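Here's the letter readout for the chains.
Number of protein chains: 2
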Amino acid sequence: MAASGENVQLLGIVGSPFVCRVQIALKLKGVEYEFVEQTLGQKSELLLKYNPVHKKVPVLAHNEKPIAESLVILEYIDETWKSNPILPSEPYQRAMARFWSKFIDDKVVDTTWKSVFTVEEEEREKRIEELSEALQFLENELKDKFFGGEEFGFVDIAAVFVAFYVPLFQEIAGLHLFTAEKFPKLYDWSQDFLNHPVVKESLPPRDPLFAFFKGRYESLTASK
Amino acid sequence: MAASGENVQLLGIVGSPFVCRVQIALKLKGVEYEFVEQTLGQKSELLLKYNPVHKKVPVLAHNEKPIAESLVILEYIDETWKSNPILPSEPYQRAMARFWSKFIDDKVVDTTWKSVFTVEEEEREKRIEELSEALQFLENELKDKFFGGEEFGFVDIAAVFVAFYVPLFQEIAGLHLFTAEKFPKLYDWSQDFLNHPVVKESLPPRDPLFAFFKGRYESLTASK
Numbered sequence: 030m031a032a033s034g035e036n037v038q039l040l041g042i043v044g045s046p047f048v049c050r051v052q053i054a055l056k057l058k059g060v061e062y063e064f065v066e067q068t069l070g071q072k073s074e075l076l077l078k079y080n081p082v083h084k085k086v087p088v089l090a091h092n093e094k095p096i097a098e099s100l101v102i103l104e105y106i107d108e109t110w111k112s113n114p115i116l117p118s119e120p121y122q123r124a125m126a127r128f129w130s131k132f133i134d135d136k137v138v139d140t141t142w143k144s145v146f147t148v149e150e151e152e153r154e155k156r157i158e159e160l161s162e163a164l165q166f167l168e169n170e171l172k173d174k175f176f177g178g179e180e181f182g183f184v185d186i187a188a189v190f191v192a193f194y195v196p197l198f199q200e201i202a203g204l205h206l207f208t209a210e211k212f213p214k215l216y217d218w219s220q221d222f223l224n225h226p227v228v229k230e231s232l233p234p235r236d237p238l239f240a241f242f243k244g245r246y247e248s249l250t251a252s253k
Numbered sequence: 030m031a032a033s034g035e036n037v038q039l040l041g042i043v044g045s046p047f048v049c050r051v052q053i054a055l056k057l058k059g060v061e062y063e064f065v066e067q068t069l070g071q072k073s074e075l076l077l078k079y080n081p082v083h084k085k086v087p088v089l090a091h092n093e094k095p096i097a098e099s100l101v102i103l104e105y106i107d108e109t110w111k112s113n114p115i116l117p118s119e120p121y122q123r124a125m126a127r128f129w130s131k132f133i134d135d136k137v138v139d140t141t142w143k144s145v146f147t148v149e150e151e152e153r154e155k156r157i158e159e160l161s162e163a164l165q166f167l168e169n170e171l172k173d174k175f176f177g178g179e180e181f182g183f184v185d186i187a188a189v190f191v192a193f194y195v196p197l198f199q200e201i202a203g204l205h206l207f208t209a210e211k212f213p214k215l216y217d218w219s220q221d222f223l224n225h226p227v228v229k230e231s232l233p234p235r236d237p238l239f240a241f242f243k244g245r246y247e248s249l250t251a252s253k
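Just so you know, the protein sequences line up as chains A and P, in that order. Per the numbering used here, the very first residue in the first sequence carries number 30; after that it's consecutive. Per the numbering used here, the very first residue in the second sequence carries number 30; after that it's consecutive.
With the rest of the complex left out, here is chain A:
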């Protein structure tokens, strides 16, 4: 819990997977914070002041000291509020957690996006193949209930993109890629993770997000 006199602000947009990561971590730690909602496509003065480099959410401001980049923020949260550790304590396990979180950012996020919103057919097929390979790596990596073991941790939080956004995007595009048949362990994991009370409370409402991206998808495919 944030000590009295502490000021914790999260600059975010509802629906951003990167913001959602920070929300899950703060909720897990029981840190009270103010959600300073930003408008998509507009850069508020506070955002420009707090993240002049990338001008993007999320930004966590702790007593007016700003931090950007969701995985950097997660490490900060874990080092600042010690209850319910997100990262393991052993250096090798910590390295593995950092490796797989980076893997999700490098190999899943952008690829998912392109596997849905790429107009050119051959290119899109290639992205779907890449996404399938990436999900297979995660399927193989999952040894316990969660990536973090019996409790969820750093990789699980990073992988909220896999649990929540990949199914949403594939439904929009009519893809049948991330299914219980093809990735049984990862699929079970996604259900356990999404139904965890801390995660459930932190997720954005699905319907408006679905409608928003469905609209973008339809205008894209209509213009083909």
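Source of the hints: derived by calculation from the structure; they are not laboratory data. Computed from a prediction, not measured in an experiment: that's the story for all the values here. Incorrect hints may appear among the rest.
A pair counts as met if it fits within one copy or between any two copies, since identical chains are not told apart.
List of simulated lysine-lysine pairs, DSSO-like, C-alpha gap at most 27 angstroms [as the list claims (entries may be wrong)]:
1) K94 - K214
2) K243 - K111
3) K94 - K131
4) K94 - K155
5) K78 - K155
6) K56 - K155
7) K174 - K56
8) K56 - K243
9) K136 - K85
10) K243 - K174
11) K143 - K174
12) K78 - K174
13) K214 - K172
14) K211 - K111
15) K143 - K58
16) K58 - K211
17) K111 - K143
Given chain A, put chain P in place with the hints provided.
Relative to chain A, chain P alone:
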């Protein structure tokens, strides 16, 4: 220093900026290691075994436990061998170090490459402009002798790309971007950093690297 009975291997290629980061960190910590040289364009069995996901160097194997991704390796080294800390101890300063290291990977490395090896003129000009902006952010961020303070640390090591490779590439392409006039603090930093005994010993020999990339550059511009 590695405890007796410890086995530290670094799978690398001489000339890789990412491998060089790990070499600097190991040397700073006084860790003895075996350099297992890989051949460019070939994937050894050991590399495929140790980094099946990305199939890339560097890989650090500590008692046969492999870790990939240079910044992940640096954190592991810092957590495993405690002398000469690479990261600051205070959480906010640690977050800043992680932020700027990621910034170098996201905004400098690829941009430098493209500002030299992009054939299309307009696109190349755009990359040079982006690189210039990125260097300006680093110039503004530099408050002490090193990014790490009086001693070099995590960001400095990540920024070996800026100190050693940016000047090399700009010389190949006849660019005059990273100069003492345009970026005085960053330029002084680069000289201090490159002349630090630990760094000096860890750098690849410049001449063969220059010849290699000059050759690639000339064949590219000849084919325009």
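Which hints from the list above does the structure break, by number from lowest to highest? 2, 4, 6, 8, 10, 11, 14, 15, 16 and 17
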